[in-house]
Structures are given as C-alpha cells and as structure tokens.
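Student: The listed protein sequences derive, respectively, from chains A and B. For the first sequence, UniProt numbering gives the first residue as 1, with consecutive numbering after it. For the second sequence, UniProt numbering gives the first residue as 1, with consecutive numbering after it.
No lab work stands behind these hints: they were computed from the structure. Values in this document were obtained by computation on a predicted structure and should not be read as measured data. Backbone N, C-alpha and C define an ideal beta-carbon position, used for all residues, glycine too. There's no promise every hint is true.
Claimed, not checked - Simulated crosslink set (EDC-like; lysine to aspartate or glutamate; CA at most 16 Å straight-line):
#1 Lys164(B) - Glu53(A)
#2 Lys164(B) - Glu185(B)
#3 Lys27(A) - Glu185(B)
#4 Lys27(A) - Glu53(A)
#5 Lys164(B) - Glu178(B)
#6 Lys49(A) - Glu34(A)
As the list claims (entries may be wrong) - Pulled a few chain A residues facing chain B out of the computed Cβ check, cut under 10 Å:
#7 Leu51
#8 Leu61
#9 Leu75
Stated by the list, open to error - The following label-pair restraints were derived from C-beta to C-beta distances:
#10 Thr78(A) - Glu50(B): 25 to 35 Å
#11 Gln127(B) - Asn56(A): 18 to 28 Å
#12 Glu178(B) - Leu86(A): 35 to 45 Å
#13 Glu18(A) - Arg81(B): 35 to 45 Å
#14 Ala214(B) - Gln30(A): 38 to 48 Å
#15 Arg98(B) - Lys49(A): 22 to 32 Å
#16 Leu22(A) - Asp206(B): 31 to 41 Å
#17 Gln127(B) - Thr78(A): 45 to 55 Å
#18 Asp23(A) - Arg96(B): 17 to 27 Å
#19 Arg170(B) - Leu86(A): 33 to 43 Å
#20 Asp23(A) - Arg170(B): 20 to 30 Å
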Amino acid sequence: MSSRRSRSRQSGSSRISEDQLLDLVTKLQQLLPELRNSRRADKQVPAAKVLQETCNYIRSLHREVDDLSERLSGLLETTDSAQAALIRSLLNYN
Amino acid sequence: MASTIISSSPVTNSDRSKRRKKKKSAAAAAAAQQFKQAEGSSSHARWRTESQQQIYSSKLIQALSQVQLNPSSPSAPCRGRAVREAADRALAVSARGRSRWSRAILTSRIKLKFRKQQRRHQIKQQQRIVSAAGGGGGGISRARKPRVSVLRLRGKSLPAVQRKVRLLGRLVPGCKKEPLPVILEEATDYIAALEMQVRAMTALADLLSGSNQASAGSSG
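Throw the hints in and build the complete structure from the sequences for me.
Tutor: What follows is the structure, encoded as structure tokens:
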C-alpha cells in the first residue's frame with residue numbers, strides 16, 4: 001500500500017496522481033444520471049463501470065441530438081422566414 | 001468545404017456584434033460575471049447557465065437559416081445530417097475553443113477529405129497500441145488484486161479499463177490518442193455541452209412546432 005505514490009509503472013506518460021484520477025472519475029460519475037442517485041461515500045463504483053456508463057450516456061445523447069435534428073429539419077422546411085425571425089428575436093430578448 | 005466555413009465565420013462575427021448591440025449592456029455584464037464565476041467553480045457548470053443556452057440558441061438559429069437556403073432539398077436523412085452538423089458546429093463555437101473536442105469539431109470540417117484516408121491508418125495503429133498495452137500491462141497487474149475498483153486506475157494498464165478508455169476517446173471528438181486524464185476531462189465537458197445542446201434543440205423544436213400549429217390553425 002505504501003508503494004502507491006512512489007511507484008509509477010508507466011514512467012513519463014502517466015505522472016498523474018491517483019487522487020487526481022479519482023477526482024476526475026468522481027466528477028464524471030456525478031454527471032451520469034444513473035449513477036448519481038446511487039453515489040455514496042463508502043460505495044466505490046468500479047472505474048470500468050463509470051466508463052461504460054459514460055460511453056452509453058454519450059451514445060444516447062448523440063442519438064437524441066440526431067432525432068432532434070431530424071425533427072428540426074422537418075419543421076424548418078414548413079416554417080417561413082418571418083417566423084424564423086420572430087423566434088430569433090424571442091430568444092434574444094428572453 | 002472551405003467556402004462553407006468562410007461563409008459561416010462572418011455570420012458568427014456579425015452575430016456577435018449584433019448581439020453586443022442588441023443585448024443590453026447590463027445583461028451582457030451579468031452574463032460575463034456568471035461566466036467567470038462558473039469557470040472558477042467548474043467548467044461544466046457553465047453549460048447549465050441560462051445565458052449560455054441562449055447564446056447557443058441564437059447561434060444555432062443563424063446556422064440553421066444558412067442550412068435552409070439550399071433550394072434543392074435532399075432526402076430527409078441528409079437534411080437531418082446537415083442540421084446535426086450545424087448544431088455541432090454551433091456548439092463548438094459556443095465552447096470558445098477552450099476544449100479539445102470543440103477544436104476538433106471545427107477543424108474536422110477542413111480535414112474531412114483527408115480523414116477517410118487517415119482513418120484506416122489510425123485504426124491499425126490503435127489496434128497495435130491497445131494489444132501492446134493490454135498484453136504488457138495485463139501480465140503485471142493480474143499478479144496483484146484481480147478485483148476492479150477505482151483504486152486500480154493509477155496503473156491504467158488493466159485491459160478492461162484501457163479498452164473502455166479507448167472507446168470513450170473515440171466517442172468524444174478529437175480525443176482518440178489522448179491519455180486517460182485528458183479523455184476524462186474532455187468527456188465531462190462534452191457531456192455537459194451535449195446536455196445543453198439537447199435542451200436548446202428541444203426548446204427550439206417545441207417553439208417551431210407550436211408556431212407551426214398556430215399558423216396552420218389560423219390560416220386553415
């Protein structure tokens with residue numbers, strides 16, 4: 001256990017400390033909607049699970065953006081320019 | 001490809017100047033303060049601010065009106081793809097070049113032609129790296145604790161974690177060859193930005209469908 005800090009197997013490429021890595025993974029975990037509720041101080045989620053959930057979440061977000069793009073492209077062709085200008089002004093002054 | 005970028009950059013520049021004139025100075029100052037505070041706390045809190053979403057929405061609408069100018073409308077998937085690319089570009093611009101993924105999105109438009117040739121080489125290189133790392137590191141770490149936990153991240157040589165990190169790096173644009181901490185940081189920012197993108201596009205779609213219904217009801 002004491003060799004944790006002094007040992008660095010991959011010299012040069014990974015000089016990051018374990019605390020930093022832990023911090024990053026925890027931050028990532030807090031962003032994920034599924035792991036956020038089950039996050040407890042004593043329960044450590046394995047890193048592989050966090051990474052897997054991250055991949056899944058990003059993929060689902062991509063899918064959602066794709067669906068929204070399809071929907072928007074269909075809506076845009078039926079909207080005329082006057083409405084587009086109206087929406088623009090609405091969003092600017094909100 | 002280059003012409004689209006050139007035509008889009010004056011749009012963003014004029015958009016920025018228009019926004020500066022249109023938006024009241026108090027609101028702009030408040031937004032700037034909010035940015036500074038959000039930056040100090042964490043990068044992804046910035047994506048949750050109302051002002052950031054509004055900025056993105058106005059950029060998105062500008063980009064979308066550019067997309068619409070194409071008179072010969074292609075099939076629906078092509079149009080959806082064009083909207084998606086415009087939305088991603090607007091998102092990358094909203095990031096103000098502070099993150100790798102945003103820079104990668106903006107430069108990938110230029111590199112689109114070369115990428116197809118590069119991708120074959122990159123895939124081969126990746127496979128070589130992953131197999132080498134998995135083979136070399138897996139032998140060492142398997143002699144220790146077999147249980148996978150967060151504490152084992154420091155080694156980074158576990159094949160499962162390594163594979164997942166590579167997967168994640170491929171999902172986040174521009175992070176295919178980055179080390180683990182970089183990928184994690186980019187992923188946190190990217191997820192927050194994607195969430196904002198989804199929120200903004202949903203609001204826009206609701207607005208458009210609502211106005212479409214209203215106009216159809218009034219005219220019909």
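Student: Taking the CB of arginine 98(B) and the CB of lysine 49(A), does the distance hold inside 22 to 32 Å?
Tutor: 29 Å, holds
Student: Should the hint that arginine 170(B) and leucine 86(A) are 33 to 43 Å apart at their CB atoms be regarded as holding?
Tutor: 41 Å, holds
Student: Okay, leucine 22(A) versus aspartate 206(B) on CB: inside 31 to 41 Å?
Tutor: Between leucine 22(A) and aspartate 206(B), where Cβ atoms are some 40 Å apart, the hint holds.
Student: Should the hint that alanine 214(B) and glutamine 30(A) are 38 to 48 Å apart at their CB atoms be regarded as holding?
Tutor: Roughly 40 Å apart at Cβ, these two residues keep to the hinted range, so it holds.
Student: Taking 35 to 45 Å as the hint, is the beta-carbon distance of glutamate 18(A) and arginine 81(B) inside that range?
Tutor: Holds: the Cβ-Cβ distance is about 42 Å, inside 35 to 45 Å.
Student: For the pair we were handed, lysine 164(B) and glutamate 178(B), check the Cα-Cα distance against 16 Å.
Tutor: OK: lysine 164(B) and glutamate 178(B) at ~13 Å, within 16 Å.
Student: Starting from lysine 164(B), check that the Cα of glutamate 53(A) is at most 16 Å away, please.
Tutor: 10 Å, holds
Student: So, leucine 75(A) near chain B? Judge it on the closest CB pair being under 10 Å.
Tutor: 4 Å, holds
Student: For the pair supplied as a hint, lysine 27(A) and glutamate 53(A), confirm whether the alpha-carbon distance does not exceed 16 Å.
Tutor: Satisfied, since the Cα-Cα distance of roughly 13 Å is no more than 16 Å.
Student: 20 to 30 Å was suggested as the range; check whether the CB atoms of aspartate 23(A) and arginine 170(B) agree with it.
Tutor: At 24 Å between Cβs, range holds.
Student: Could you grab the alpha-carbon distance between lysine 164(B) and glutamate 185(B) and see if it respects the 16 Å cut-off?
Tutor: 15 Å, holds
Student: Is 17 to 27 Å respected by the C-beta to C-beta distance linking aspartate 23(A) and arginine 96(B)?
Tutor: Because 24 Å falls inside the window, the suggested range holds.
Violated hints for the displayed structure: none, as all numbered hints are satisfied.
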